[in-house]
Every structure is written in structure tokens, then in C-alpha cells.
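There are 4 protein chains.
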Amino acid sequence: MAESPSMWFMEFVTPSVIQQFAVKDLVYSGQSQYQNIEVMDTVSYGRCLVLDGKIQSCEADEFIYHEALVQPAMSIHPAPKRVFIAGGGEGATLREVLRHNTVEKVVMVDIDSEVSDICKRFLPDHHQGAFDDPRLELLHMDAKKYLADTNEKFDVAIIDLPEPIEGGPAYLLYTQNFYEMLKTKLSDDATFALQAGATVVGITEVYTAINNTLKAAFPVVFPYSADVPSFGGSWGFALASTTMDACKFSPEGIDRRIATRVKDSLRFYDGHAHQGLFFIPKHLREAIEKETKIITEDSPMFVWGI
Amino acid sequence: MAESPSMWFMEFVTPSVIQQFAVKDLVYSGQSQYQNIEVMDTVSYGRCLVLDGKIQSCEADEFIYHEALVQPAMSIHPAPKRVFIAGGGEGATLREVLRHNTVEKVVMVDIDSEVSDICKRFLPDHHQGAFDDPRLELLHMDAKKYLADTNEKFDVAIIDLPEPIEGGPAYLLYTQNFYEMLKTKLSDDATFALQAGATVVGITEVYTAINNTLKAAFPVVFPYSADVPSFGGSWGFALASTTMDACKFSPEGIDRRIATRVKDSLRFYDGHAHQGLFFIPKHLREAIEKETKIITEDSPMFVWGI
Amino acid sequence: MAESPSMWFMEFVTPSVIQQFAVKDLVYSGQSQYQNIEVMDTVSYGRCLVLDGKIQSCEADEFIYHEALVQPAMSIHPAPKRVFIAGGGEGATLREVLRHNTVEKVVMVDIDSEVSDICKRFLPDHHQGAFDDPRLELLHMDAKKYLADTNEKFDVAIIDLPEPIEGGPAYLLYTQNFYEMLKTKLSDDATFALQAGATVVGITEVYTAINNTLKAAFPVVFPYSADVPSFGGSWGFALASTTMDACKFSPEGIDRRIATRVKDSLRFYDGHAHQGLFFIPKHLREAIEKETKIITEDSPMFVWGI
Amino acid sequence: MAESPSMWFMEFVTPSVIQQFAVKDLVYSGQSQYQNIEVMDTVSYGRCLVLDGKIQSCEADEFIYHEALVQPAMSIHPAPKRVFIAGGGEGATLREVLRHNTVEKVVMVDIDSEVSDICKRFLPDHHQGAFDDPRLELLHMDAKKYLADTNEKFDVAIIDLPEPIEGGPAYLLYTQNFYEMLKTKLSDDATFALQAGATVVGITEVYTAINNTLKAAFPVVFPYSADVPSFGGSWGFALASTTMDACKFSPEGIDRRIATRVKDSLRFYDGHAHQGLFFIPKHLREAIEKETKIITEDSPMFVWGI
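Sequences listed follow chains A, B, C and D, in order.
If you're matching positions, the first sequence starts at 502 in the numbering used here and goes up one per residue.
If you're matching positions, the second sequence starts at 502 in the numbering used here and goes up one per residue.
If you're matching positions, the third sequence starts at 502 in the numbering used here and goes up one per residue.
If you're matching positions, the fourth sequence starts at 502 in the numbering used here and goes up one per residue.
Don't take each hint at face value.
It does not matter which identical chain is meant; a pair holds if it fits inside one copy or across any two.
Said to hold, decoys possible - List of simulated lysine-lysine pairs, BS3-like, C-alpha gap at most 27 Å:
hint: 1; residue 1: Lys-606; residue 2: Lys-621
hint: 2; residue 1: Lys-749; residue 2: Lys-783
hint: 3; residue 1: Lys-525; residue 2: Lys-791
hint: 4; residue 1: Lys-621; residue 2: Lys-525
hint: 5; residue 1: Lys-764; residue 2: Lys-791
hint: 6; residue 1: Lys-621; residue 2: Lys-749
No lab work stands behind these hints, which were simulated from the structure alone.
Remember, predicted model here, so these are calculated numbers, not experimental data.
Using the sequences plus the hints, can you model the full thing?
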């Protein structure tokens, strides 16, 4: 009779929900200047990156998260050449951006060089060599400071950061202040996408507040959602644009752009799946409509953290 | 400092994935002729029904599961009068069916009368009085036997059963044999919906096999998926019809039908959300296309069970 | 194949050790003025009292804890008439005291009347009617204040309190200040016993500090230890006396006293078991000898608490 | 606020009791011909050996287990020269035996050479170089077969095997048949010790049956018990002898023998601790007295296994 596995990753998804994954091997465990970093091989989800005890992405379903985060923003842009990434240490967001043959330059800013180093070494199936692409400029500094000081203008910006946690490095990048500043660094028909917290019933307050805050800064905001099992369920994203033209995309147009622009086959995303992402349920749409909170530096928002 | 809750529901979602919910109260625990029955109040998901250690539905997100299961099949049917439900002991599937003012009769067959009794008593927010509706005929017997012997014809059939488990009561209702027999009890423009297992990456084999088996019995089959957090993530369904006309529904048509037919407001489902249900990701569509297995009584399929 | 239980009590014994007990029923759950109170029926340990998420005592092995706590102090006293109990809400410490037919009066002071009420109602196998004994005077107030104000003198004192936790009600009763004051309320040949924290390797600092603090207040101190499985392993106690005569007890003498004085049969304790309690391992004796900390109100000690 | 550890070892101590230890590193994980082997670094117990998901011994408290298993049998023997060990792959039982300067030869038979190899490599603090001692003859074969075929006679035999599990390699060595055969390979004043399962309330049936079975084979049997926290609590042992003289040892005699014979300092065991081991509680003594089962090859006994 098969015995139960003996090693488990345990995560408090909330103070009253735990998820546990059986672990085959703990590949790396260490503490950087900013956070605790672990890389583990799980039975169900393959190799996973864990920061401060929270699953960041797993081999088995990271394609859902990273395609959902990157491909809509890239695909509805007519010709994305210059792309900005904040965070994204695994290199998988970068990988998705670089698939588009229109891209000439990617500036990726991740504050924690150790995360990048660990991922380069231990997560080859995540980055698939993306760190070696000559179009990449990789910087290890505060993304907010970089943007404030740069003269660059970007066609697409992707914010791939851990959720806002009190005392954590990322919470200032989930504010109206940041979004306003970012907008000044975007080109006229730019798109901007970010992960925006869980869309699980009962814990959608980060999702709705982020979407509401974006609306205060951008003329067009599309909330969306995809199921990322290793995150504990349904995950939220938001797509914003500096131009109303962003509303005009069609599923067929997306499939055409993927066919002409994108290297290798996508696994999750196409014009059909695009609609599944953006046609979110009634209760989520209503919760966003009812939301009044605007996140600012003076009035920040934090997810639950143990 | 807030302490960790002390009582937890623990479920092996698979042998290598556990989910735990903090529990405030164990409302009922007992053993029927067919299964272990528990009703518990959880912190995150409210009151939950658990059969044989598996979450069946929780107060906080059962509206997603039950609207997703019932409303598409009901809404795309032009005028559903006679409805068949197999399983559905909580009464919430029944509740969703009875919302439609076209319905004249519902035959609900659940083999375990104790589950119905417990749910009537302890899950008022699930059934919301549906068991008292005069249009209901509630039978406690084998659903397969009932159908085989009946002379009734149904406009809509909903199969709301636990997943097929070896030795469990439900597995014979997930076979081509059953679907073929059921079809003979359906009217000419009937619809048929069922829950079809997890659509979580790596454990979609039940979902794809059920969809493929349905294709062997029905001219039109639509696989779909919704995120039900308390089930541990993305959950699969399938909608079949006896007529090709079922393909002609539009989001606007759904909203119109809801407006004229449906009592009280739906929380999850409308024409917009309908599209989110059916525009499933590329990898799921490909997995269904590649599937060759047809489930029969001689070649049944079982999900993992501890 | 037998399925895994679905309801579990989970306790962080330390931040890096968890114990979980399968639960059949949550009998009571509530919040008093002082603490969270739960009564649950576990599969392995029967009915358990849980305060602030920590197991206090379980039906299956409480006899070990309560006989070990009470019987040595009672049995080595030549004729215990007046007994003081601090805490002990379950009534099982009281039960053990009242077994001795020499006892004329027991003053039991538990700050939380709700704990007593809940235990009277839900833990009949713990107290076995002890609360109805006419020799009992039960007070709900601060045990320290009671002692400071009383003119009584006691032959035996038993301190049956939760471990010292920051902000908890009990920590001041684990100090030299309290022991010195208590000593003034004891008769000339009195004994004094208390639970003194885990004696598990690596977390014995409370046990050794309590024993060392007692030595600063009493002429004779005997550290001892018993295995209480539901506490997560080996548990420490200490026995002190106001007289050097306390050292003269023999196993045979204990058996004789039990035979003449004690109502009903003891399950854990006799002269033989007495020696097992007090002949503690070399590493524990050495740890106590090396200990220099004396716990005072100005320099209190706390166990780990979540 | 300190976050909860993310990696945990989880063991079903029984089907209704789980213990979890936070894990810092999974040092080794593999499958031998006989069993699954894991070596992990835990926060509370240091480096642990795990076979088939069950803790075998941990750095922090293995000294309790191994001294308790070995030192009584060695110390009460007047001059142990030839010692037999069955199992004991970690090398810590061997280490304890070799401390005695009377020992001339140790034959250690462990069926699984991979366990020995892994332990040599990864558990240096367990074996402390014992495998290099020239007095050792290490064999990898069935211990029962070795004994049956050998012409050697031993002064002391130590059985350090996993608990008897159905289908496991060890259960035949927990039978009267084996004990009878072993006795024929012992010298006239030999001692024999073995680990004998949990002595936790409610799960003592293996302990009492082993002790009762030993009584059917040896003239003198002493049951004893020590608390090994990482085993989940109180653990049972038994000491048998081929001669009634074994009853004559005194604590002072033990201390004298340790002083003259034993290399380096013991941590757990001395004459004082010896008494703590053997003066077991009344309920355990009564349970052994009441036990009637004798374990034989035809009527074997198994502990619970998942």
C-alpha cells in the first residue's frame, strides 16, 4: 500500500487556509538581503520558487501565470519595441516578452540580484535561456527609483512583483503615486500589465483596490483572472493602457499577431483563451465596480502575511 | 499576536496536495448507508458539506459551482419545463433549476436520503427552501435505475454527483452506457450538464475522458471550467445537447432569458460570465482534442481516492 | 482502504514542531474574559480541554498528568489536611487531592469561572464529581491576590496553571516573588508541587529555570518528569517542601499511605512509579545544575507562544 | 513577525496522530532494495534518518534512544566481549557498544547495505567513526539467517530494528521462534535488549506482546521505557537475560562499571537514570501482566502502517 509522502511544503494562503505540496527535494534554501529564497521540487507542480514562504511560480503551471501576465499586454500592442519589467526574477516573464520578434530592448529591474542568480542556476525550465538574450538590460535596484530617473519611454510595462506586504520591498509599487509616475515613462499607445492578487471569493480586496487605483491613473483598465493552481486558486491581473485604442482588439487579431510575431508555441494563451481571461464572473465585476479605495503611499494596502 | 486556529479540515486533494481549512464548528458528523457525512463551519468558506472526506460545496463559493453547473444548460434551452437531477443532495442545484419560471416539474434522484435530510436541516443557505417547492418530485434510489424504468422525457438533465471513485456509488453514471441511455429520456432539443472533475494542470484526465465520452453519445458537447476555490482550484463541467441548435446562443440572448425567466438575482452567471466559462485555455482544449479514452461500464474511470 | 480522518486539531508545540490529533467532534468552542476555550473529542486521546489553542488535558492520558502532579506531594506529606490549588479548572487535580481521606479542606482558586463551568458541564470523566465535594471552597479570582490576603495555612499546595506566556494570566505565578509569598502560607512540613514545562531535549529552559527559582525559595526541591503523550512528550514537574523531612519517603511508605488513605485505585502512581518519576536522566539533572536563572517579576520567563 | 517555516516532515504516528517537524534541508532521498531512505536536517531535532516515512533517529535525541537501548544490557553484564547487533544502520548502537573497553568483537548484521552507506556518509554525528573500529564485523544479510548458521556465541545481543510492519523485513525477528533461536547463540550469562514499540497510552499492544513473548523464551525479562521526543513520545524497550544473576545489579554497580569500562562521557545514562528507565508506571506494568499474546511466525504482530 502506497505510503503518504513525508516532506511537505506548507503555506498559509490566508490565516485560515493552508495548502501543502509534497516535496521531492529541497534544491536551494538561503536568505538574501531582502528575503528568504527557496527552490524545491514538488511532486505535483515540479520545481517551484518560494520567497518568504510564498509560492512564486512552479514549473507545472507557471506557463499559465506568465502567459496570462505578459501575452495580453504584448499582443494588443501594435508593435511593442521597448519593454519594462519590474521584478520577475525567475526570467519567465522575460521569456514571454522576448518571444515577440518586435521587441528591441527589455529593461528588467529586480531589486534582489540573488533571486536572479538563484533562478538562473536552478530554474532553467523557467527562464529557458532568456537571461542570455542580448536585448536584455538587467538591473538590480529599486524599480521605482530606476523609473523616476530614466529618460526611456516604454511601449509595454509588466509588473511582476510579490504581493504588497507590510515591510516588504514591493508595496510602494502598488500605489497611485507609482502608477502616475510610470505613466509618464510610457509611450502614447502603451500597455501595462500586473499581477493583482487573488480573486478567490472572500479575499478579493487587493484585486479590487488595485483595479480601482489603476482607473485613477489610466484611461483604460481591464481586470482579468486566470486559474493558477499552485497559487491556491484563481489569480487576478490587470491590464491598462494609455490609449482608448487598446479596446479595439479582437480574438482573431490576437491569433494573427501571435502567428506573425511570436517565437515557439504558446501553451495557455491564444485569441480564444484571451476571452476566457477577460470575461470574468459577475460577482468580480460587481466587486470592482463597488470598490472605492485608491491605494496611495499615504494609504497603502497589504495582503495578509504571517 | 493572533494565534493560529486550532481546528482544521484536512483534505488530500491528490496524494501529493493537501488543503486545510480552519474550522469553527463541526455541525454534524455521521455515517449513512452509503457514505460518511459531515457538515462544518469553516472560517474562510462558511458552512461546508463533506462526503467521505471530500468537500462537496461550501456556503461562500457554492454559488459559483451551482450556477456554473445549472445556468448554462437552463439558459440555452428555449423553454425548459421538465428537469432531471441526479444527486445534488444539498438542494442548491435544485434551487438554481427552480429559479426558471418555465419549469413545471423537477425529478431529483439522490440515492442517499440521509444526505438530503442532513442538508435540509443544516444547510438552509444552500437549498433556500427549494425542497418545499411543489414542482419537486424527490426520490431516493439509484438514478440509473430510475431513468431506465421511467417513461418521462426531460428537457434538461443535470448530473451533480461526486467524482467517480472505485467502489463508490457514482462511477457507473460517468459512462457512455449511461449517457446513451439518458439520451433516450431527453426531449428533442434537450440540454445536459454535469460536473466533470478538476481542470487543474496535471490532473485533467477525468475531465478530458468525460468530455470525450460525451462526444460519443451526443451531437454537441461543450467543455467548460470555473474556479471553485474550496475544491482546490479550477473545476471542469460539460454541457451537451441533443440538437445542433444549442450552438446558436449569444451572450445577449442569455441576459434576455435571465431577465425574463429567472427569479432573484444570480451572483456568478450572466451572458458575460457565460463566455468566461466556455472560452477555456488552449492547453485544456488541446488535451480534450487529444483524448481517445471512452469510459464504459467495462472500462470505467476513477479519480484518485485515499 | 481506510480514508484519512478529515477533522484535525493542530498545535504548534514549538514554532518548528506541530502535533495534530484527529477530531471526532468539537463539543464546545467559546471565548471567556481570559482565554479561548475549546472542548473536543479526539480519536486517540478522547475528550480534551484546549485553552488558547494549547492542549490542557485529555481523557486518555490526563490520569498520568494529574496523578504525577498531585500524588507525590500528597503522599509524602504525613497527613495533608488543608490543600491549596491554583488553576486546575478541569477538576482533575481536585479529584486527585480529594482521594486522600486525610483532607479536610481544599481551597481552589481559578481566575476563569467560565473554564470551571465548561469543565463541570463537558468534562465529567475529568472531575468525576469532585466539584460537588463539601470539602471544596472554589474561588474565581487571582490566585496570587487570594494568597496574599488569606490567613489560612496550607499543608499542600498544587499549582496547575498553563505555562507562563507573555500577556497571559499565569506568568507571575512562576516567579521567586510568588514562591516566597506562598511559602509564608504553608505549614511547617508542607509540600508544594507544580507543572514545570516540557522536558523535551532542546526546550528545557523553562523547566530548569523554574527548578532553579524554587531552590531560591525552598530548602528542598525535587525536579521530576513524566511522559504525557498528548502534551507532545516528556513533561516536567517540581516538588518542594518547607522541611528536610520530605526527603525521607520510601517506595514502601508510599504504597502504605496509598493503601490506607486513598479512595479508589490509582492508575499511574504507586511507590514503584514514584521512583520512575524522580530518577530523571543525567542530561536533565546536569541542565538543572548548570541553570543560573532565577525568575522574578522583574525578570520573568515565557515559553514560546504563537 | 516571524513567519512559519515552509518545509515540514509529516509523519502519521498513528492514523489519528500526526507529528510535523520543520525541515531546513533534505540531505538525501532515495530508494534502496528494501525501503525508502531519507536524511533531513530538522530545526528542532537536527539531522534525522527516516526509513519508509518513519523517523528512525535524530541527532538531538538519538543519545536517549541509543544509550537506553544499549547501556543497560552492556552495563549489567559482568564482562561483555562478543556482541551481536541486528539492524542499527546508523552506527549509533554500534558506537554505544564499542564504548565498553571489554568488547573484543561486534558482529553487526543489517540487511540493507545502502542504509549503512548513507549513514556512514551523512550521519557522522550518529556513528562518530564507529564503522572504522577494527572490532567490527559488518554484514549485509538477513540477521535471522546469519544467526541460524553461525557457530559464534555472544555475550550481549542488541536488536535495533524498525517496528514489525506487514510485508516489512523485520517482523520475523519479533517472534518467539526468533528469540528461542537467538537464545541458543548466547553465552550462559548473556543479556539481550531490543526496542519494543511505543509505550504511549492506547498503543501499547506491541510493547506488551513483545515483553510477553520474551518471557516465553527467557528466564528474566525487564520491560523498560524512555522518552524519545522525536518518536512522538514514550518508547518501550525490553531487556532479557539467560541468567537470573542479571537481577542483581545496583545503581552504584552500574556507575562503577561505567567509570572503569566506558570511553567518553555518557549523556543520558548512569545508575540514577537506570532506575528511571526500569521503574515504569503502574498502568504499563499492569498491561504487561494482563498480556496473553505470544508472537510467533504463525501468529505475527504488526504495528499500524499507512
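Here is what the structure says about each hint:
1. In this assembly of identical chains, the alpha carbons of Lys-606 and Lys-621 lie at most 27 Å apart only when taken from the same copy (20 Å versus 53 Å across copies).
2. In this homomeric assembly, Lys-749 and Lys-783 come within 27 Å of each other (Cα to Cα) both inside a single copy, at 22 Å, and across copies, at 22 Å.
3. For the homomeric pair Lys-525 and Lys-791, neither the shortest alpha-carbon distance inside one copy (44 Å) nor that between copies (30 Å) is at most 27 Å.
4. Taking identical chains as interchangeable, the C-alpha atoms of Lys-621 and Lys-525 lie at most 27 Å apart whether they share a chain (21 Å) or sit on different chains (22 Å).
5. For the identical chains of this complex, Lys-764 and Lys-791 are inter-copy neighbours only, at 23 Å across copies versus 41 Å inside a copy, given an alpha-carbon limit of 27 Å.
6. In the homo-oligomer, the alpha carbons of Lys-621 and Lys-749 never lie at most 27 Å apart, since the shortest distance is 38 Å inside one protomer and 50 Å across protomers.
The structure fails hints 3 and 6 (numbered hints given earlier, in ascending order).
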